[in-house]
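Chemist: Chain by chain, the residues:
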Amino acid sequence: MKCTRCKATAAVALPSRNSGFCESCFLDFFTGQVEKGIRRHQLFSHEDRILVALSGGKDSLALMFELKRLGYNVTALHIDLAIPRSSEDARAVVEAFCAKHDLKLIVKEMAAEGLPIPMVKARLKRPICSACGKIKRHYFNRVAHEEGFTVLATGHNLDDEVARLFSNTLRWDTAYLSDQGPALAAAQDHSFIRKVKPLWRLSEFETANYAFLRGIDWHFAPCPYSRGASFTFHKHIWAAIEEKMPGRKLDFYQNFLERGRPVFAAAEEHNGNQLRPCDQCGMPTSQPTCGVCRIRAAIADEAKTKT
Amino acid sequence: MSTPPSSSRTHGPAPDETAGPVITVLLQPENKEFAMPRAKTARQLLERLGLRPGTALVIREETLLTPDRRIYADERITVRVVTSRG
Ligand code: SF4
Ligand SMILES: [Zn+2]
Ligand SMILES: [Zn+2]
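So the sequences go chain by chain: A and B.
Its first residue numbered 1, the first sequence is counted upward by one per residue in our numbering.
Its first residue numbered 1, the second sequence is counted upward by one per residue in our numbering.
These are computed hints drawn from the structure, not numbers from a lab.
If you're wondering where the values come from, they're calculated on a predicted model, not measured in any experiment.
The beta carbon of each residue, even a glycine, is placed where N, CA and C say it ideally should be.
Any given hint could be a false lead.
What the hints assert, rightly or not - Using C-beta positions, here's what the derived DEER-type ranges look like:
| id | chain 1 | residue 1 | chain 2 | residue 2 | range |
| --- | --- | --- | --- | --- | --- |
| 1 | A | Pro246 | B | Gln28 | 21 to 29 Å |
| 2 | A | Pro262 | B | Pro29 | 35 to 43 Å |
| 3 | A | Ala111 | B | Glu47 | 38 to 46 Å |
Generate coordinates for the entire structure from the input sequences, incorporating the hints supplied.
Modeler: Structural data, given as C-alpha cells:
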C-alpha cells in the first residue's frame with residue numbers, strides 16, 4: 001500500500017478515511033485532525049491555561065504530546081487512584097513521560113484525600129467505575145479551580161465518544177444527549193471548568209499509531225476493576241458497523257452534534273437541575289453535600305466503627 | 001523518517017521439526033511470545049490471531065506494517081492490541 005499523499009510505502013492503513021499514510025504524512029494528518037477538532041468547536045486558544053488529565057494511557061499521553069508540540073500552555077494532572085500495582089505503574093509512566101518532555105505535573109493522591117479506590121469499592125454497593133469516574137471528575141474540577149486553569153482537556157477519542165453517545169441513545173438519556181460533545185461549557189455541565197476533548201475526530205487506532213510513532217511509552221495493563229468498564233460492548237458493535245460502512249462512525253457523531261444535540265439541548269432547557277455549592281467542598285451539586293464528599297464520609301465512618 | 005525494512009534475520013527461532021516456515025510473534029499487552037506457522041501477510045497474521053485490522057499494531061522492529069505487507073519466514077513480529085477488548 002502506498003501513502004495517499006506522497007506515494008511512499010504506507011505505514012498506517014485507514015479504511016475509514018479511504019487513505020493510507022507513510023509515517024511522516026500520518027503525523028501531519030494527525031496534527032491536522034487535532035487542529036481541526038480544536039477550531040471547529042473553538043475548544044481553546046493559545047491564551048488558555050490548559051490542564052491535561054493524564055491517566056498514563058496512550059490517548060492522554062498522545063494528546064499532551066501534540067498540544068505541547070503545537071505550543072499550547074499545558075500542565076499535566078494525574079490522579080493516583082491507589083489501586084495496588086495498577087496505579088503505581090500508571091503513575092510511574094506519567095512521571096517518566098513528564099520528566100522526559102519537560103512538562104509540569106500535578107499529582108493528586110486519592111489515598112491522601114481519604115478516597116483510595118479499593119476502599120471506595122469495598123464500601124459501595126454500586127459498580128466502582130461510576131464512583132471512580134465521579135471522583136476523578138471532581139478532582140479535575142477542583143484542581144483546575146484551585147490552580148486557576150481555564151480549561152481541562154481529556155484524551156477521549158472518537159471511539160469513546162461514539163460508544164458513549166450510543167449508550168446515551170439506547171437509554172434516550174435526554175440530559176446527557178443535550179450536552180455531550182467535544183466541549184462542555186462550564187455552566188452547562190454544572191462544574192466550574194470548561195472541559196474539552198481535542199481528540200474527538202481521531203479513533204483509538206489512530207491515536208495508538210500516533211503514540212507509537214512518537215515513541216511514547218504508555219501504560220497498557222488494564223485496571224483490575226475494569227471488567228464491564230467504558231462501553232466495551234458498544235465499541236465492538238461499532239467496530240462491526242465501521243468495517244461494513246467505513247466512515248460511518250465520524251459521520252454519526254458529527255451529525256449528532258449538528259442535528260441531534262441542539263434538539264435535546266432545547267428540550268432540556270425547560271427542566272434543568274438547580275445546583276448549589278456543596279456544604280463540604282464547595283463544588284456544585286444538586287444535594288446539600290456532593291457525591292464525592294458523601295463517599296468520603298462513608299469511608300471515614302466505617303474506619304471509625306472498625307476501631 | 002521511515003526506517004528501511006530489516007533484512008532477513010540470521011538467528012530466528014529454532015525451526016519447527018514439523019517443517020514449514022515459522023515466525024515468532026510477540027503479542028502485547030500480554031507480552032506473550034510464541035512461534036507459529038508463517039502468515040503470508042500482516043492481514044493474515046491478524047486473522048489467525050482473531051483480530052480485526054484496525055485493532056492492533058503490527059510491528060517489525062520499529063516499523064509499522066499495513067495489512068497488505070508481506071511477512072517472511074523466521075521474522076519476529078510484534079502485535080500490539082490497542083483497542084479495548086471485552
Ligand atoms: S476501570 Fe473503573 S475503577 Fe478502574 S480506573 Fe477506570 S473507572 Fe476507575
Ligand atoms: Zn507520505
Ligand atoms: Zn463536596
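Chemist: Indicate, hint by hint, whether the structure satisfies it.
Modeler: These are the hints, each one checked on the structure:
1. A:Pro246 with B:Gln28: 21 to 29 Å: Hint holds: Cβ distance 26 Å, inside 21 to 29 Å.
2. A:Pro262 with B:Pro29: 35 to 43 Å: Once the Cβ atoms are compared, 40 Å apart, the range 35 to 43 Å for Pro29 (chain B) and Pro262 (chain A) holds.
3. A:Ala111 with B:Glu47: 38 to 46 Å: Check passed, 45 Å falls within 38 to 46 Å.
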